[in-house]
Structures are given as C-alpha cells and as structure tokens.
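The primary structure of each chain is shown beneath.
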Amino acid sequence: MSSPLITARGLTKKFDEFVAVDEIDFDVARGESFGLLGPNGAGKSTTMRIIGATSQRTSGDLTILGMDPEKFGPQIRAHLGVVPQQDNLDMNLSVSENLYIYGRYFGLSRKFLKTKIEELLEFAQLQEKRNAKVESLSGGMKRRLTIARGLVSEPEILMLDEPTTGLDPQARHILWDRLFRLKEQGVTLVITTHFMDEAEQLCDRLVVMDKGKIMAEGSPAQLIKDYSTKEVLEIRFGSERNSEMADQLRGMCDRIEELPDRILLYSEDGEALLEKIYSAGLHPKTSLVRRSSLEDVFLRLTGRTLVD
Amino acid sequence: MSTPHIRQGSLEIVDQEKIISRGSLYVAQARLTAMMKWIWMILAIAVANPVLYLLSIGIGVGAFIDKSAGAAGIDGVKYLTFLAPALLATAAIQGAIDESVFPTLEGFNWWKNFLGMNATPISGNQIATGVFLASFVRVVGTVIIYWFVMLAFGALESSKAWLAIPTAVMAGVAFGSITQAIAGLLKDENMFFVIFNRFVMMPLFLFSGTFYPLSSMPIYLQWIGWISPLWHATELGRYLTYGHALTQTMAITHMVFLLTLLALGIFFSRRIFTMRLAK
Ligand SMILES: Nc1ncnc2c1ncn2[C@@H]1O[C@H](COP(=O)(O)OP(=O)(O)O)[C@@H](O)[C@H]1O
Ligand SMILES: [Mg+2]
Numbered sequence: 005m006s007s008p009l010i011t012a013r014g015l016t017k018k019f020d021e022f023v024a025v026d027e028i029d030f031d032v033a034r035g036e037s038f039g040l041l042g043p044n045g046a047g048k049s050t051t052m053r054i055i056g057a058t059s060q061r062t063s064g065d066l067t068i069l070g071m072d073p074e075k076f077g078p079q080i081r082a083h084l085g086v087v088p089q090q091d092n093l094d095m096n097l098s099v100s101e102n103l104y105i106y107g108r109y110f111g112l113s114r115k116f117l118k119t120k121i122e123e124l125l126e127f128a129q130l131q132e133k134r135n136a137k138v139e140s141l142s143g144g145m146k147r148r149l150t151i152a153r154g155l156v157s158e159p160e161i162l163m164l165d166e167p168t169t170g171l172d173p174q175a176r177h178i179l180w181d182r183l184f185r186l187k188e189q190g191v192t193l194v195i196t197t198h199f200m201d202e203a204e205q206l207c208d209r210l211v212v213m214d215k216g217k218i219m220a221e222g223s224p225a226q227l228i229k230d231y232s233t234k235e236v237l238e239i240r241f242g243s244e245r246n247s248e249m250a251d252q253l254r255g256m257c258d259r260i261e262e263l264p265d266r267i268l269l270y271s272e273d274g275e276a277l278l279e280k281i282y283s284a285g286l287h288p289k290t291s292l293v294r295r296s297s298l299e300d301v302f303l304r305l306t307g308r309t310l311v312d
Numbered sequence: 029m030s031t032p033h034i035r036q037g038s039l040e041i042v043d044q045e046k047i048i049s050r051g052s053l054y055v056a057q058a059r060l061t062a063m064m065k066w067i068w069m070i071l072a073i074a075v076a077n078p079v080l081y082l083l084s085i086g087i088g089v090g091a092f093i094d095k096s097a098g099a100a101g102i103d104g105v106k107y108l109t110f111l112a113p114a115l116l117a118t119a120a121i122q123g124a125i126d127e128s129v130f131p132t133l134e135g136f137n138w139w140k141n142f143l144g145m146n147a148t149p150i151s152g153n154q155i156a157t158g159v160f161l162a163s164f165v166r167v168v169g170t171v172i173i174y175w176f177v178m179l180a181f182g183a184l185e186s187s188k189a190w191l192a193i194p195t196a197v198m199a200g201v202a203f204g205s206i207t208q209a210i211a212g213l214l215k216d217e218n219m220f221f222v223i224f225n226r227f228v229m230m231p232l233f234l235f236s237g238t239f240y241p242l243s244s245m246p247i248y249l250q251w252i253g254w255i256s257p258l259w260h261a262t263e264l265g266r267y268l269t270y271g272h273a274l275t276q277t278m279a280i281t282h283m284v285f286l287l288t289l290l291a292l293g294i295f296f297s298r299r300i301f302t303m304r305l306a307k
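Chains as they are written, first to last, in this note's numbering: chain A, 5 to 312; chain B, 29 to 307.
Derived by calculation from the structure, the hints in this document are not laboratory data.
Possibly wrong hints are sitting among the right ones.
Covered, in the sense of this in silico footprint (three residues per stretch, anywhere, with C-beta under 8 Å from a C-beta of chain A), are these stretches of chain B [said to hold, decoys possible]:
no., stretch
1, 45 to 53
2, 61 to 75
3, 202 to 210
As the structure is a computational prediction, the values presented were derived from the model and not from experiment.
Heads up, the beta-carbon is just placed ideally off N, CA and C, and yes, glycines get one too.
Please build the complete structure, drawing on both the sequences and the hints.
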C-alpha cells in the first residue's frame with residue numbers, strides 16, 4: 005500500500021470562538037471510499053471545504069496528494085472533483101455551458117471538452133436539457149449537473165458532500181452505481197452523508213462525527229460489530245407507556261435505548277428476546293426485529309439519532 | 029448507457045501552466061458568455077442612453093442655455109459639447125458598476141458560483157481579475173458607442189477627440205474596480221444600494237462639474253469633484269473633445285488620480301476576494 009492520499013492530524017477549524025472541527029485525525033488511502041457520517045452541524049462540510057483546499061484550517065496538519073493545501077491550493081484542486089452540499093452552478097449559463105466553462109477552469113481543451121460534455125450529459129441524464137438555462141432545472145436536475153460538473157476533469161479524488169440529498173430514490177441508486185464504477189477505475193472517494201444506508205453502501209471505511217469530533221472509525225461492518233449487537237428489537241407500547249415498560253425490560257438484554265416513539269433492545273438474537281418478553285407477560289403493540297445499522301452505532305456513541 | 033470513455037485522469041489532462049497564465053481569462057469568458065445572453069439589451073441601452081440624453085439635455089436644455097450665454101458659450105462651446113464628455117464618463121462608470129457589482133453579489137451571496145469556481149484551480153485573484161476584465165470589455169463597448177453618438181451630434185470638435193475614449197474607459201473601470209472591492213465585502217446588500225445611489229452616485233453626478241464648471245460651485249462643495257473620478261475624467265474629456273483649457277500639470281494629475289484609483293481597486297478586489305473565499 006502506498007502512502008495515504010490525505011492525512012489529517014489534529015485538524016481544527018474555528019469560526020471566531022466556535023470550534024466547528026475539533027482536532028480530528030484521519031487518513032484516506034488511494035482508491036478507497038472514505039466517509040464522514042454525522043448529523044447536521046457535525047462539521048462534515050467544514051472538513052470537506054478544508055480538504056477541498058478552499059477553506060483554511062485554524063490549526064493541525066493536513067497533506068493532500070503530498071502537498072499542504074495552505075501553500076498549494078490550486079495544485080491540489082487541479083486533481084479534486086468537488087460536489088458541494090449546496091449547488092453553486094453558474095445560473096447565467098446553460099447546462100452545457102456550465103460544464104464547458106468548468107472544464108476551462110481546469111485548462112482543458114475545447115476538443116477534449118466536446119466529447120466529455122456529451123459523456124457527462126448522458127451521465128446526468130440531461131441530454132434534452134443541454135441548452136436549458138440552469139435556473140429552469142428542477143432541484144434533482146441541478147444536483148445531477150453539479151455531480152457531473154465535478155467529474156469534468158477526471159479527478160483523482162472525488163469529494164461528495166451529501167451527494168444524494170434532493171435526489172429521488174431511483175436517481176440515488178443510479179448515482180451509487182456510477183460511483184462504484186468510478187471507484188473501480190481507481191478514483192478515491194470522500195463522501196459525507198447523514199444517511200446511514202448511503203454510508204453502508206458506499207463507504208469502505210468511515211468516521212462517525214459529532215460536534216466537530218470523530219467518535220469512532222472503521223468499516224461499516226466493523227463499527228456495527230464494535231458498537232452494537234447483531235440484531236435490534238424495536239417495540240412500541242404507545243408513547244405514554246414506553247418509559248414505564250423500558251424499566252421492566254432493562255435486565256432482559258445487553259442494552260436498551262428509549263426513543264420518544266419506541267424502545268430499541270439490543271441483542272444477538274432478536275426473536276428469542278421477543279419470545280422472552282411475551283413470556284414475561286408483556287404485550288407490545290408492535291414489534292420488529294432487524295439487523296443493527298450505523299444508526300445504532302451513532303445512537304450508542306452519542307445518545308442521539310442521526311436524522312432528527 | 030454507452031461505454032464510458034477511457035479515463036485518463038486529471039494527472040494526465042489538467043494543464044496547470046495554462047490555468048496559471050489564463051485562469052482569469054476563463055473567468056472573463058464565463059462573464060462574457062453570460063453577457064452575450066443579454067447582448068441586444070446591452071446594445072440597445074448603450075445606444076438609447078446617449079441618444080436620449082444628448083437629445084433632451086444637450087439640445088433641449090442646451091438651446092436655452094446657449095441663448096442666454098450668448099456668443100461666448102459655456103467654456104467657449106455649445107452646451108451640448110460642454111456636457112457630452114461628462115455624460116460619456118458617467119455612462120462608462122455606470123456600465124462598469126453594473127458589470128462589477130452584480131456579478132460579485134451573485135458570486136458571493138446569491139448563487140455562490142464563485143465558490144464553485146474556487147473549488148477548481150482558479151484562485152480568488154483570478155476570479156477578481158476575470159470579473160474586472162469582463163467589465164472592462166463592456167465599458168469599452170459602451171464608450172465607443174457613446175463616442176460615435178457624440179460624433180453624430182457634432183459634439184466632438186478636436187482632432188484629439190478619440191483620446192476621450194480611453195480616458196472615459198479609465199474612469200469607468202477605475203470606479204468599477206472600487207465598487208467591485210466593496211461589493212466583495214457585502215454580506216447583506218439591501219441597504220447598500222439605497223445608500224450608495226443616494227449618497228454617493230447622486231452627489232458625484234451632480235457635483236462633479238457635470239452640468240456647469242466645478243469652479244462655479246461654492247468652494248465647500250468643490251472637494252466632491254476632487255475625489256470624484258467623474259470630474260477628473262470630465263476635465264480630460266473636455267480638453268480632448270473641444271480643447272478646454274487644461275495645464276499639463278492638471279492633465280497629469282487627472283491621469284494619476286484615475287490610475288491610482290484603478291490600481292487600488294484591482295489590488296483590493298483581489299485581496300478581498302481571496303480572503304473571503306479562504307474563510
Ligand atoms: N462560515 C461559517 N461561519 C460560522 N459558523 C459556521 C460556518 N460554517 C459552518 N459553521 C458552523 O459550524 C458547524 C459545522 O457546520 P458544517 O460543517 O456545515 O456541519 P455539517 O456539514 O456536518 O452539517 C455548524 O454549527 C455551523 O453552524
Ligand atoms: Mg454539511
């Protein structure tokens with residue numbers, strides 16, 4: 005394995021007194037798909053902008069492609085494809101002009117861009133909209149155009165900040181598929197998301213962030229193994245009785261989490277646990293056994309749910 | 029789905045040298061592409077503006093003033109001839125403000141497309157320079173059109189009159205570069221325009237020796253002319269279009285003033301854009 009493409013040590017970003025990113029350490033290896041998972045306000049976008057060599061860190065060390073972004077911003081950005089959380093397309097221009105002009109910012113030739121734009125229009129399924137003004141596009145179309153734009157320079161590292169927010173489920177799955185292909189071609193992906201299914205699908209390895217700090221790090225499977233049980237039993241007694249029942253259930257399983265509308269019981273065998281609850285004479289209104297997810301990891305680490 | 033093209037990768041295809049040398053031109057290209065969508069509107073304004081102004085004020089009010097001024101005229105010429113260089117510089121300034129303030133507000137506040145540009149190798153300095161260059165092109169076009177309308181109205185009497193084109197352009201872009209820097213600082217621009225138009229643009233327009241010589245204004249208002257690029261450009265324009273009396277020292281002073289303003293405007297635009305993007 006070659007040295008990491010991105011190395012962060014004690015990376016910190018303050019906005020005045022407010023600490024948005026708090027001494028985080030991580031490495032991203034070449035060809036890997038690396039995720040930042042965390043709720044809104046965790047500091048994911050701030051971290052992405054710093055890695056994107058646009059926002060300056062307050063302190064800590066950061067190396068991207070062997071360079072310090074403070075000194076070599078443009079040289080690093082030459083090899084990044086950035087999909088920001090908020091689309092920032094040039095609204096004065098049409099769909100294909102946006103791709104063309106963006107390609108020019110990378111010094112790409114007209115000839116190269118001519119074929120590249122066709123490829124990207126197809127990728128984003130915007131062939132019919134090529135001459136439309138960006139202003140007239142739907143939210144999902146703008147998102148797809150922003151993602152396509154990030155690919156115009158065939159970047160070494162593709163940075164996607166909440167890429168599928170605003171996409172319908174079908175477009176979401178198509179994008180995941182395309183990202184897999186890029187990864188197969190050796191592109192390194194850095195992805196933030198607050199969707200645990202997206203993190204599980206896309207990331208080889210991820211860090212769980214909360215309040216500017218990294219709470220845990222590992223592959224999705226490893227994190228689940230380390231911080232949760234194999235299965236989760238979700239039961240509901242009705243919102244007014246949940247907390248009363250939770251006390252009775254506490255001894256029956258490894259761990260219990262009380263949410264406003266339901267109780268989560270962590271166990272290696274959910275069905276067996278449910279049997280035990282019934283035989284204790286308790287009758288939940290609804291019950292569901294599922295596998296543990298990153299959502300449970302997050303709950304364990306922070307005591308809060310990921311999406312509120 | 030077609031087979032994807034063979035990926036070469038950014039390490040192969042991105043041309044860093046080219047970006048360093050031409051980056052600001054690419055930004056200007058984006059701006060000019062945007063302007064081209066409005067080109068007929070821009071041209072219509074560029075023609076209608078001088079025609080209407082010179083007709084109504086120059087000929088209408090002018091005829092009246094010329095009659096009361098007698099054979100001596102105003103500054104020795106027809107009122108139209110006296111007024112036109114000031115209007116020329118005003119149009120240059122107005123065009124420069126349009127093309128520097130609005131793109132800057134769009135880029136930072138409304139659409140944030142500067143953030144998109146800056147995620148590429150393009151630097152804050154190049155964005156600032158590119159916006160400036162595109163506004164420069166617009167100003168040159170506006171001034172040339174204005175100048176020909178002046179010619180058609182018989183407002184150009186000197187063989188040096190064509191030199192009023194570069195001096196008006198200089199006033200426009202000098203002022204534009206300053207407003208570009210200021211626009212780069214604005215986060216909440218709503219009040220700014222009201223204040224700017226009432227307390228900066230209007231006084232400059234009225235008290236820069238536009239409608240009558242600065243020297244005939246009360247002395248306590250004359251400082252407005254001195255800090256106004258419009259007055260400096262108007263003095264130069266009057267000298268160049270009809271031979272208004274101007275010492276060499278004053279001519280140099282006017283030029284130095286405008287060039288200094290331009291240098292400051294470009295310097296601070298680049299500074300402010302870069303710092304704001306690095307936040
Ligand atoms: N430019 C800024 N100025 C001040 N505070 C900011 C700025 N950008 C982000 N923050 C704050 O930093 C925290 C982290 O934000 P962000 O990185 O956007 O989180 P996330 O992407 O995980 O939702 C938030 O509390 C946010 O309000
Ligand atoms: Mg975010």
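Here is what the structure says about each hint:
Chain A is given as covering the stretch 45 to 53 of chain B, and this holds because 6 residues of the stretch bring a CB closer than 8 Å to a CB of that chain, at least three being needed. Counting residues of the stretch 61 to 75 of chain B whose CB falls under 8 Å from any CB of chain A gives 3; the rule of at least 3 is met. Three residues within the 8 Å Cβ limit are the bar, and the stretch 202 to 210 of chain B against chain A gives 0, so the coverage statement is violated.
The structure fails hint 3 only (numbered hints given earlier).
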